[in-house]
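Number of protein chains: 2
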Amino acid sequence: MFQQVLNGAAGRISLCLDEVMAPFGDLPVVEAMRYASSGGKRLRGFLVLESARLHGVDQARAIYAAAAVEALHAYSLVHDDLPCMDDDDLRRGQPTVHVKWDEATAVLAGDALQTLAFEILASDAVSDDPKVRLALITSMAKASGAQGMVLGQALDIAAETASVPLTLAQITHLQDGKTGALICWSAEAGARMACADVTPLRNYARAMGLAFQIADDVLDVEGDAALAGKRLGKDAEAGKATFVSLLGLVGAKARAAQLVEEAIAALDPYGNAADTLRQAAQFVITRNM
Amino acid sequence: MFQQVLNGAAGRISLCLDEVMAPFGDLPVVEAMRYASSGGKRLRGFLVLESARLHGVDQARAIYAAAAVEALHAYSLVHDDLPCMDDDDLRRGQPTVHVKWDEATAVLAGDALQTLAFEILASDAVSDDPKVRLALITSMAKASGAQGMVLGQALDIAAETASVPLTLAQITHLQDGKTGALICWSAEAGARMACADVTPLRNYARAMGLAFQIADDVLDVEGDAALAGKRLGKDAEAGKATFVSLLGLVGAKARAAQLVEEAIAALDPYGNAADTLRQAAQFVITRNM
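Here the protein sequences line up with chains A and B, keeping their order. Here the first sequence is numbered in the numbering used here, starting from 78 and rising by one per residue. Here the second sequence is numbered in the numbering used here, starting from 78 and rising by one per residue.
Looking at chain A on its own, in the form it has when it is part of the complex (with noise of 0.2 angstroms):
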């Protein structure tokens, strides 16, 4: 059922890249930008359209931000999965593009995908407010750079190499960085559009990008990888400290549970009108991919 609602959001988001990418030709950087940015789960590019759909956003607008942060997160798994990083061959089930491609073209896409990603928040299909596109813009900076996403994924380089493993308070960290903040403006970009109090969908998003990732550390060592689309048990042969690894997989299940019920909490202001909401947060630890 929820599955039905995120496949129907995945559909749109696909259509709504496909249009913004229509003028950039068929050169291999271009083939591989489609490439990178089509499929998934498109949790992100939902949680905009839901929070759009809350505060009463026109959903043909909020499309372009939903599109918009599939970008971003389609840049962050190309760089992600290159050889210098992850070192992954798997993505989605399919080649990842340094695979397909090589890794200069997956440099340059995933370069470009970012760029495009404020392109589509800059352009008037977003907002007619001038000050909503650029608080969508400055927020989704600061979620991506050096004080977010890419500062969670410089953490975790360094805790590769670090003599002892790291502590909870450390990987939380880290999460709230490299898929927290994210997930974060996903959610709240709904309530940004609508210029309303973001707080409750911070609260909801917070603890939901958390127990996403405890999840993906529990999918990682339980989970089975053809469906999950990826390699796994890669954190535990890396040696990696990981939310399991800590609480052991069943303290980390516990840990994500609760953590849905706080998400689920934080939904009390919007009444029944988030149900779709609460689901996405049950959503996010019963999936096997």
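You may find that some hints are simply not true.
The list cannot tell twin chains apart, which means a pair is met if one copy fits it or any two copies do.
Keeping only pairs whose Cα atoms sit at most 35 angstroms apart, straight-line, the calculated DSBU-like set for lysine-lysine is [unchecked claim]:
| id | residue 1 | residue 2 |
| --- | --- | --- |
| 1 | Lys330 | Lys208 |
| 2 | Lys219 | Lys118 |
| 3 | Lys219 | Lys177 |
| 4 | Lys177 | Lys317 |
| 5 | Lys208 | Lys311 |
| 6 | Lys177 | Lys208 |
Just so you know, the hints here were simulated from the structure itself, not pulled from any lab data.
Assemble the complex: chain A is given as a structure, and chain B must be docked to it using the hints.
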């Protein structure tokens, strides 16, 4: 004389970049961002400041747009120097980022420098008018993304494995994207900040940007590596078509000189007020770095 003006602008831009990165802490990835965005000629930032002066735009505002384009330029250099791209170990006389740190840090530092460029342009430090900030963001995204700088880079990579060397028209198209688009953005920025016509500065920058690239090809053949601060002779070594291989040294210099004349003529509408920009055009074909 002009070199002093350029150096003065460079110093002010460095201070501004220091200021905007001050809250970022001192993780290696942030140190790499600072390292990569320090030094250099600052030609693009200078063009922003000078076109702003020409249009009566407050230098205290324009400095942020100048810092933004230098952050964007720095990102492109860090990624361009990567082993999978141009594989350069020296830049501005110093080890490149992936040599001084590692490839992962270079990818992330470049990524975050791009993000920073858009974050700076979105801030009210640049302009009180939200529409001006959005116009700067949209034009920078177009100049640097899949239809601008990344397109030029991708064409450059494709040329390396092509069976037939590029023609003059193809190299010109490639360089329009690779270096021309961002030089145009810089020269136009002041007009954009003043909501004035960008056409004269666009014509100036188009001719000047191409002259700049031809001069680069000339430097690659007969420059002094110590002064240039980078490895030279790479294009001939790689058998790449360049303006020099297609026009000869004498022909390339003549074409560059002709383009500088065109650039200078494009400034006629501004009268004597544009003399510093005229000197800048002369500078690009007389520089030794």
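Q: Could you tell me which of the numbered hints above are not met by this structure, giving the numbers in increasing order?
A: Result: hints 1, 5 and 6 break, sorted rising.
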